[in-house]
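Participant: The listed protein sequences derive, respectively, from chains A and B.
Residue numbers 1 to 297, in the numbering used here, belong to the letters of the first sequence in order.
Residue numbers 1 to 220, in the numbering used here, belong to the letters of the second sequence in order.
Among the clues, some could well be false.
Computed spacing ranges between beta-carbons, pair by pair [said to hold, decoys possible]:
#1 Ile29/A - Glu128/B: 20 to 26 Å
#2 Ser179/B - Asp106/A: 39 to 45 Å
#3 Ser207/B - Lys20/A: 52 to 58 Å
#4 Leu23/A - Arg174/B: 44 to 50 Å
#5 Asn196/B - Lys288/A: 56 to 62 Å
#6 Ser207/B - Ile54/A: 54 to 60 Å
#7 Glu67/B - Thr275/A: 54 to 60 Å
#8 Leu195/B - Gly202/A: 31 to 37 Å
#9 Thr214/A - Lys105/B: 29 to 35 Å
#10 Arg139/A - Leu195/B: 39 to 45 Å
Honestly, the hints are just simulated from the structure, not real lab data.
By construction, the Cβ of each residue, glycine as well, lies at the ideal position given by its N, Cα and C atoms.
For reference, the chains in residue letters:
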Amino acid sequence: MYLITKWFGIFLINNKGIFKKHLFSKNHIIIAKKLHQVEKNEILPEEKEIIRNIKDKSIIVNEKRLRKIGEYKPDDIFFKKINLDSKEFNFSFDILKKASLKLVEDKLEKELKSKDYQAIQLIKTLDSLIQISNLLSERLDNWLMIYTPKYKIEPFKTIIKNIKKEITRLEDQIKIDIVKIAPNCCEIIGPIITARLIALAGNMENLAKMPASTIQILGAENAFFRFKKEGGKNPKHGVIFQHKIINQSPKKNRGKISRLIASKLTIAIKADFYTKRDISNILKNDIKIRLDELKNL
Amino acid sequence: MKPLPITGVYRYKNKIFTENPVYCKGLTVYDEKLLKYHNKEYRSWNPYKSKLSASIHNGLKRLDLSEKSTILYLGAATGTTVSHLSDIVNNGVIYAIEKSPFVLKKLLQLCNQRKNIIPIMSDANHPERYSVSVPIVDFIYQDISQRNQDEIFINNIRKYLKINGQGIIMVKARSIDVSLNPKQVYNQVIDKLNLNKIKIIDVIDLSHYEKDHASIVVSN
Ligand SMILES: C[S@@+](CC[C@H](N)C(=O)[O-])C[C@H]1O[C@@H](n2cnc3c(N)ncnc32)[C@H](O)[C@@H]1O
């Protein structure tokens, strides 16, 4: 028995045809809600309901989302043979159109308005500019080593100068923005690295759900962030290693300190995202005590 | 205004056009020109802004599209090409997949204006995530500059393209492998498609309009 969910309803189908079906309401707002639940990987109550009291328990599904209620076989050719046409069930295409529009509009509003999304765009732009600026400066240095006419060098220098100006401007903007949304993290690791952590996690919520061990190596896989400007060439370390509290401490302590910072960051980001309380003094004090201990070892 | 062998596409002097539906009279989507001809309105189709237009300019002769076709469009962006396909499949449907919130904002304006485009904010790397909205389709169009663009195309064909349906992929050589020359990259993609039992119908180099791009028309 195959379980297929479409925007207009849920169908149980076998070799003989449709065995059982549940059609949704024709209200596009309700349909948009169902599409949203599906996107969030939820199993719909109607899906659970339709397979209740079915004798044939071998349900086959083509969505990972439904693995809990059936055997996941996306490549079963049966799914391609069955093309359920909404019109046959009196659902006009216009309903799907309105539902999809509503769904995307809602998602966009949520995402584009969210402050972390905007901060992520800024930090990504900043990091691209830093990379470009490094590449160009390197090129210029190479150029200067051989004879090049001055008139060729000057415009090039202006470009680099302007990019650097823009980098400073962006950094200032990010500092202002990120302190507003993640003040606790900023106190611990600084605004720029905080922004990078959020960008790497995708958003604040994801970061708030990460264990310390993940935060500690976040960005390590990504050579993109390992700029000369920041130091920290070692790929074992994540972006938090770019902070001087770690990379300027004695080599033997760096592992311990980055573990310490990561564990405090998990607390800080939770406070920033969920409770929105300022606990930075407590956290900074904890860090200071532990650092002093390490020094005296 | 002479109709070309591809349904819904016309040539006038050196330019190509699609017919603006009556309900969109006077409306443009990007900076295209509107042209009145025998009481109908046509939108010029810029080959520098749309790789499908570039393909037609560079010799693409046949596409299995009709006024009623359903299209799965992967990488819809702001809808430049989508809008012309929407002219062509005036009584069909385009399922427009796009993952970036930034460009989707503009695409939504187009969807609000036109009756036959369904916007879907999703990642084409995971075709099953939109199976609740998207049915089996007549045609798949893909323009996604990612390293694994061929895999994305194959997976979507496998899941959504009807038997004997057609598809077209815009291959950007440089996003697949910068170390190879573009021809080698196209051949790599072609081999991979063949291996997956997808037939190559046509390969069009987009030189002059897009550097290091080709379009590959396929059927399954
Ligand atoms: C070159 S643009 C497409 C231009 C468009 N086809 C036109 O001619 O009007 C590529 C688009 O694909 C989108 N994209 C990239 N990867 C994607 C993915 N995995 N899923 C969906 N969209 C993707 C990008 O956000 C971008 O908007």
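Participant: Tell me, which hint numbers fail for this structure?
Facilitator: none
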